[in-house]
Amino acid sequence: MAMRDLVTGGAACAVPGTAASSSNPFGALSNAILGSSSKTQELKGLPGSAVNVPGPLPHFRTEAPLSTIPGLENEGQQHHPPVGQNNEFLARFRTADHGVLADAWNEIHQPPALQTQGGKIEAQFQEFEQIYNRGASSMLPPAWDGPPQGVLSRFLHSFVDSGRVGVPFRPAALPVLGLSEGDKQCIRDRSFIMAHHIFADKSEEYINAQVNALLHSLDIDGNERLRGPVRGSYPELEEYWTESQGALRSGMPYPADKWVSEFARQRENGDPEAWAHSFEQLHGANGWASEFEQEQSQLASVGQVRGANMSHIAAMEQSRMLAHTLAQNNDPKFQNSKFLQFVSKMSRGELIVDENQIKPATGSLTDNWADEYQAQYNAGSSSWADQFVRQELPQGTDKWVNEFVKENQQQGVDDQWVNEFSKLHVQDWAEEFGQQVAEGALGDSTADDWANTYENFLDEQLLASKQHSGASRGVYVFSDMNPYVGHPNPLREGQELFRKGLLSEAVLALEAEVLKNPDNAEGWRLLGITHAENDDDQQAIAAMMRAQEVDPTNLEVLLALGVSHTNELEQPEALRYLYKWLQNHPKYGVLATPELADSPYYGDVARLFNEAAQMSPEDADVHIVLGVLYNLSREYDKAIESFQTALNLKPRDYSLWNKLGATRANSIQSADAILAYQQALDLKPNYVRAWANMGISYANQGLYEESIRYYVRALAMNPKADNAWQYLRISLSCASRNDMFEACDSRNLDILQKEFPL
Amino acid sequence: MESSLQSAGLLEQMKIHLSTDAGKEITKKIGLVYQLNIAPKKIGVDEEIFVVDLKEGKVIKGPYDGKPDATFSFTDKDFLSIATGKMNPQIAFIRGAMKIKGSISAAQKFTPDIFPKPSKL
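Heads up: the sequence lines are chains Z and Y, in that order.
Residues in the first sequence are numbered consecutively from 144, following the numbering used here.
Residues in the second sequence are numbered consecutively from 289, following the numbering used here.
Be a bit skeptical, because a hint or two may be false.
Below, computed lysine-lysine pairings styled on BS3-like, alpha-carbon distance capped at 25 Å [as the list claims (entries may be wrong)]: (1) Lys781/Z / Lys303/Y; (2) Lys330/Y / Lys863/Z; (3) Lys389/Y / Lys330/Y; (4) Lys365/Y / Lys389/Y; (5) Lys863/Z / Lys374/Y; (6) Lys349/Y / Lys397/Y; (7) Lys317/Y / Lys343/Y; (8) Lys387/Y / Lys343/Y; (9) Lys389/Y / Lys316/Y.
Calculated from the model, a selection of chain Y residues having no Cβ within reach of chain Z, i.e. all distances over 10 Å [stated by the list, open to error]: (10) Gly297; (11) Asp309; (12) Ile318; (13) Asn325; (14) Lys343; (15) Gly345; (16) Lys349; (17) Asp357.
Facing chain Z, a subset of chain Y residues (Cβ under 7 Å, in silico) [said to hold, decoys possible]: (18) Glu300; (19) Ile304; (20) Gly373; (21) Pro404; (22) Lys405.
Hint data in this document are derived by calculation from the structure and do not stem from the laboratory.
Remember, predicted model here, so these are calculated numbers, not experimental data.
Positions of the beta carbon are idealized from the N, C-alpha and C atoms, including for glycine.
I would like the entire structure built from these sequences, with the hints used as guidance.
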């Protein structure tokens with residue numbers, strides 16, 4: 144469905160985020176096939192084809208766009224708001240799914256000259272056209288000069304290689320690859336991350352220059368507009384709309400939104416506001432508006448078709464009453480308890496506030512109302528539509544259309560409805576609430592704080608609902624888009640990338656490997672190690688657990704699990720794995736006593752390891768495990784001693800230097816810790832964990848500005864390191880850099896790197 | 289190892305952290321006493337009580353001798369999430385993952401930046 148909709152630009156084509164694969168080469172190919180096969184079907188419903196329009200339109204009512212008619216009405220009418228503030232209200236509306244219809248409406252209002260904005264049509268439209276032409280002429284797949292994926296992959300490899308030999312990368316001319324915005328974004332983001340790994344020892348400008356050279360060759364815009372997260376799906380939706388409009392005008396029949404096309408066709412007849420008029424007539428003059436108002440006063444009659452609207456109004460009413468009560472009582476104690484109620488009301492979604500709301504300005508308040516309305520509206524729109532359809536039924540489609548045409552010829556549309564609507568109590572409510580807040584019912588900072596929090600809460604819930612499906616503990620979460628799937632030997636590729644220090648890339652290659660061979664313990668193990676070095680213990684644990692399933696006695700896996708659980712402060716688990724390490728060790732296994740295995744006591748395990756260390760003091764591994772164990776029991780001096788002994792035996796083990804550093808940091812020897820981290824980074828410049836640990840050490844010393852730089856550096860290499868993001872935010876707050884919160888929350892590394900270069 | 293809670297590890301680190309310059313800075317800035325009732329699984333069940341005394345710069349196991357400025361109840365995991373910045377304390381409160389007794393203004397100063405961050409091996 145998605146693929147076809149992307150081509151046709153239907154209302155459901157808002158594929159979220161960068162996942163839109165409409166124009167990656169494979170997607171394009173399948174689109175070509177899907178698109179052409181759907182053409183025939185679509186042609187039936189064309190408004191332009193004379194067969195259908197006068198006769199009954201079979202899909203006319205059931206089409207999705209119909210359900211949004213009432214929305215359109217509101218949007219359109221909002222073009223004449225008596226109060227300027229409502230513009231924002233309108234803007235909010237437009238970003239909704241109804242945007243398509245809103246645009247239709249807008250267009251109608253524009254002089255015809257403005258309607259041909261062919262210049263705005265982007266690459267995607269060209270592709271649409273291509274596909275269409277292809278589909279129309281022949282169903283053969285297009286002939287590219289070699290598979291584009293191959294071209295792209297070779298090209299990217301040449302970039303990586305240039306980093307290895309240290310020769311500046313030279314841009315090259317490439318055939319047109321037909322990359323979509325989403326693909327471009329993906330490539331750009333990944334190149335930036337990769338470049339930070341490859342050129343970890345080089346300056347920021349050098350890295351940027353390299354990446355820009357790469358991007359330029361690929362015809363990707365390296366500017367900031369494109370970087371960072373795609374802002375929701377709506378811009379895309381609107382683009383598709385533009386496309387479809389373009390198609391419509393250039394004589395290419397556009398069939399998806401029948402209603403809209405119909406509408407567009409009709410608009411040539413005259414003033415389209417007549418539509419509103421027509422609607423008005425159907426329901427009696429001002430019928431809808433007055434009905435709406437009635438409902439607002441008769442809150443008791445919930446459960447009607449417009450239940451959604453009703454509950455929304457009820458919510459408004461309730462919060463208004465709450466605000467009222469809050470203001471009336473000046474007893475601080477009472478206010479406290481009411482305050483709690485207020486918050487709990489927010490939690491139930493009965494009241495929406497955001498940071499702007501403490502300001503008495505009502506503009507932003509109206510805004511919120513709009514948001515809420517919209518939310519309710521989306522929920523209720525189908526019932527609305529149902530009702531609409533039901534009311535239509537007795538009159539028949541033809542009649543509706545006829546009437547519509549007739550109305551189009553009438554001039555001088557009555558704007559009463561608009562006025563009526565804008566007179567609704569939106570602003571009263573907003574003002575009242577604004578006043579309450581301004582009067583200090585809540586206290587400025589408090590309301591601000593809690594209000595922000597509520598927004599975060601909503602966001603988090605969204606996030607949580609997404610993540611909880613897969614990311615519960617111990618379950619490995621695979622990346623969405625993985626270019627290494629289908630690679631002939633992803634394990635070797637992953638090992639190579641890991642060796643080069645391209646950790647984030649190595650993760651992808653290794654994921655491809657374990658997807659291909661889920662029983663490859665080495666694949667899982669290296670994946671776990673890579674995640675640990677990339678500062679993601681949750682994923683490291685998940686991967687290591689899979690490795691252990693396949694190979695239960697692998698010592699490296701057992702040690703890694705012990706370390707990761709220690710990092711997550713999970714003592715019993717850590718202890719169990721470290722004990723298993725001892726049990727399965729060919730030399731020290733004899734020391735283990737089976738009855739300890741289930742729930743080993745810390746004291747016993749420590750004693751056994753000390754015995755092991757006496758058995759062979761030259762074995763660095765035993766000292767490493769001992770060091771980890773002493774971290775568990777927070778005997779940091781002993782831990783430091785163990786790690787130092789191990790380092791004498793294995794001075795070039797970067798992860799050991801990091802362990803020493805982390806132990807020092809946890810025992811508040813932050814300055815010494817930094818020296819150890821530096822050693823680790825000298826040996827492995829893109830060791831994300833060490834960079835992040837540097838940040839932690841600076842932060843724990845109260846050097847927040849410094850810590851921010853290191854966090855940002857770590858994040859540039861692995862934007863998925865959630866811990867570092869959280870710590871970064873704390874440091875920003877401590878350094879009074881609240882101005883950077885937004886960049887941090889939207890994970891905009893461009894801005895952060897510019898602001899906090901290392 | 290006397291406590292089975294993960295939080296105990298962090299509070300242990302907090303204890304020594306408060307003796308550093310950065311820790312003293314925090315004590316000076318906050319100047320309040322928080323009591324933490326940390327439950328292994330469910331709020332109110334088998335709670336272990338810690339006092340984070342940011343007047344004196346101490347972390348003590350057991351209830352506070354006197355009236356703390358604010359008392360929090362949460363689970364082990366939720367406390368860790370809050371202290372490491374994974375979860376905003378206010379969100380925790382809205383969710384019911386954190387219960388507060390005492391002064392709201394004191395509770396508002398209970399933020400992740402008063403806790404040291406554990407470094408990773």
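Evaluation of the provided hints:
no.: 1; hint: Lys781/Z / Lys303/Y; result: holds, 19 Å
no.: 2; hint: Lys330/Y / Lys863/Z; result: violated, 30 Å
no.: 3; hint: Lys389/Y / Lys330/Y; result: holds, 17 Å
no.: 4; hint: Lys365/Y / Lys389/Y; result: holds, 20 Å
no.: 5; hint: Lys863/Z / Lys374/Y; result: holds, 14 Å
no.: 6; hint: Lys349/Y / Lys397/Y; result: holds, 21 Å
no.: 7; hint: Lys317/Y / Lys343/Y; result: holds, 9 Å
no.: 8; hint: Lys387/Y / Lys343/Y; result: holds, 22 Å
no.: 9; hint: Lys389/Y / Lys316/Y; result: holds, 23 Å
no.: 10; hint: Gly297; result: violated, 5 Å
no.: 11; hint: Asp309; result: violated, 7 Å
no.: 12; hint: Ile318; result: holds, 13 Å
no.: 13; hint: Asn325; result: holds, 19 Å
no.: 14; hint: Lys343; result: holds, 19 Å
no.: 15; hint: Gly345; result: holds, 13 Å
no.: 16; hint: Lys349; result: holds, 14 Å
no.: 17; hint: Asp357; result: holds, 15 Å
no.: 18; hint: Glu300; result: holds, 5 Å
no.: 19; hint: Ile304; result: holds, 5 Å
no.: 20; hint: Gly373; result: holds, 4 Å
no.: 21; hint: Pro404; result: holds, 5 Å
no.: 22; hint: Lys405; result: holds, 5 Å
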